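Visitor: Protein chains in written order, with the numbering used here: chain A, 582 to 811; chain B, 15 to 359.
None of these hints come from the bench; they were simulated from the model.
Mixed in with the good hints, there may be bad ones.
Non-contacting residues of chain B with respect to chain A, defined by C-beta distances greater than 10 Å in every case (computed) [stated by the list, open to error]:
(1) Gly38
(2) Glu63
(3) Asp92
(4) Ala93
(5) Ala103
(6) Ala119
(7) Glu140
(8) Ile173
(9) Leu194
(10) Lys207
(11) Ala215
(12) Arg241
(13) Glu300
(14) Glu304
(15) Ala349
(16) Ser359
Derived list of chain A stretches under chain B, where covered just means 3 residues or more per stretch with a C-beta under 8 Å from a C-beta of chain B [what the hints assert, rightly or not]:
(17) 652-659
(18) 670-677
(19) 735-746
The structure displayed is predicted, hence computed values, not measured ones.
Glycine included, every Cβ here is placed at the ideal spot set by N, Cα and C.
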Amino acid sequence: MLVLALDTATPAVTAGVVALDGDAPPELLAERVTVDPRAHTELLTPHVTAALDEAGVRLDQLDAIVCGSGPGPFTGLRVGMVTGAALGQALGIPVHPVSTLDAIAYATPFHTSLLVVTDARRREVYWSVYCDQGWRVAGPHVDKPDVVAAKLADELEPIGVTEVSGPVAQQHAELFGLTVLPTTYPTPVGLVGAAAWPLREGAEPEPLTPLYLRQPDAVEPGARKRVSQA
Amino acid sequence: MIVLGIETSCDETGVGIVRRHADGTLELLADEVASSVEEHARFGGVVPEIASRAHLQAMAPTMRRALDTAGLELSTVDAIAVTAGPGLAGALMVGVAAAKAYSTASGKPLYGVNHLAGHVAADTIEHGPLPPRCLALLVSGGHSQLLLVEGLTEKITEIGATIDDAAGEAYDKVARILGLPYPGGPPIDKLAKQGNPRAIAFPRGLTGQRDAPFDFSFSGLKTAVARWVEKHEATGAEIPLADVAASFQEAVADVLTAKAIRAAREHEVDTMVISGGVAANSRLGELARERCAEAGITLRVPRPRLCTDNGAMIAALGAHVVASGAKPSPATLAADTSLPLVYGS
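Next up, chain A with everything else stripped away, as it sits in the complex (with noise of 0.2 Å):
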């Protein structure tokens, strides 16, 4: 089957053309990825029409999307999220979410265990853990990089992470104690593989409902300040 990938809930905006076939693992057609935060609305749909050419496959021979759900960035993540739910609705073919970290965990050839991390802002960062099967174990949650280096020291201990990648591992290396591999933006093909099991089932879509981990900012108004001296 051909799949279209999207991500934008990191600082790339990334659209991607997928064969999945079978039981082999996914096959990359067509990839475009840019690295820009703020070009999120911009770029995508370009994106996506220029690898669809490259891949030489038309929007109407595509059985299925696969959209990254975050955790990320809220205004950049939705950009990813309703492209996604338009394309499907207008194409009439399934849309499945899947984790960003969970497609960017897919992607990274790690031995043990490992621990994704994105940047959240506010100096902190949104993470998942994965053991040696590939399973999530912890996450996504979004902490202080200090706060998950404790976790990672105590409660997570047993799981006995040694390796972190993702697009902020190298700065938060050295506090994590673990060895960074290489893999940093979420792929097309780790977005599809970490959606392989719904696709090839042919399940039903989750609800496309982004990973946001944090309520809006918004605070109910106290009593009214008064204007006048009192």
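Using the hints provided, position chain B relative to the given structure of chain A.
Guide: Structure of chain B alone, referenced to chain A:
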């Protein structure tokens, strides 16, 4: 020609569809709106992140309802228009990204248009093409502007705007002072009907000799209402809520219509369009009808449903833009909070 319009600049997810006939008249085929207003109520104003989250959830279902109402599929429309600005950046982005995806999937050309010009275009749905020159007063929770419209797709000039709060924002803030719910427009309008509009002489902002003749200011008015209420609270007297509401509403309607009439006279136009959410206010409508009649100005106000944010007004503007022969927006279209009023300018 059939054009579909998408609007997500604030807290309404709108999808509208219009057919434009050769004579320039429009036929409304669908006008679906999903609003997140109730989610903002407890915060006393629109929370951008809540609005953006709601747009994402509402986009596809609203599109489905609009197509079903019109009995159409995306493949049977001729073009797609979307609000590209001005508005809340994160909210706009959801609509623009969705519109680009619908355009890519259907192969239909996409036009990113201006939200404020859309409010003016809303009036052409029921009342037909605009005259070559007219004045538009746009009043809502986010905007208060006077526009000189010399062709919706040719020349629109802003001749005045609020320097602080929008008129609708003043309604929301005064409603809070009076203990009324959000949004403040409808409850104040209702309460004002039982009050005396001349009971309290609230200030008319920017109406001095040296003030900008066509700009608005509603921040001082809101503060004046708060001071008046606090002063009366201090005496232990019961606040005459209806009189305060009526007097506040009178001040808003007076200053909006006085400036609009003066602008129409100065720019020698004989037609005025009032649109935006506050256009549904009963006293504003009444006073505008009265003063336009005295001044010999034809007043055009879309019905309330088309005054508030909706996709039909964007479809209407899009249809006029397509008919003007303008080229579609580039594939790299993005939300632009300072988008020019006239398409392609």
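Visitor: Now, for every hint given, state plainly whether the structure supports it.
Guide: Tested hints:
1. Gly38: B/Gly38 clear of chain A: closest Cβ-Cβ about 30 Å, beyond 10 Å.
2. Glu63: Violated: least Cβ distance 4 Å, not greater than 10 Å.
3. Asp92: Holds, because the least Cβ-Cβ distance between B/Asp92 and chain A comes to about 16 Å, which exceeds 10 Å.
4. Ala93: Its Cβ never comes within 10 Å of chain A, the nearest being 15 Å, so this holds.
5. Ala103: With a cut-off of 10 Å, B/Ala103 comes too close to chain A, as the shortest Cβ separation is near 7 Å.
6. Ala119: Its Cβ does come within 10 Å of chain A, the nearest being 3 Å, so this is violated.
7. Glu140: B/Glu140 is indeed farther than 10 Å from all Cβ atoms of chain A, at 30 Å.
8. Ile173: The assertion about B/Ile173 holds, with a minimum of 31 Å to chain A.
9. Leu194: Non-interface label stands for B/Leu194: nearest chain A Cβ at 12 Å, farther than 10 Å.
10. Lys207: Correct as stated: the minimum Cβ-Cβ distance to chain A is 25 Å, above 10 Å.
11. Ala215: The claim holds: B/Ala215 sits with its nearest Cβ about 18 Å from chain A, beyond 10 Å.
12. Arg241: 5 Å, violated
13. Glu300: Holds: least Cβ distance 30 Å, greater than 10 Å.
14. Glu304: 33 Å, holds
15. Ala349: Answer for B/Ala349: violated, closest chain A Cβ roughly 6 Å.
16. Ser359: 20 Å, holds
17. 652-659: holds (count 3)
18. 670-677: Held - the segment 670-677 of chain A has 3 residues with a Cβ nearer than 8 Å to chain B, which meets the minimum of three.
19. 735-746: violated (count 0)
Hints 2, 5, 6, 12, 15, 19, counting from the list given before, are not met by this structure.
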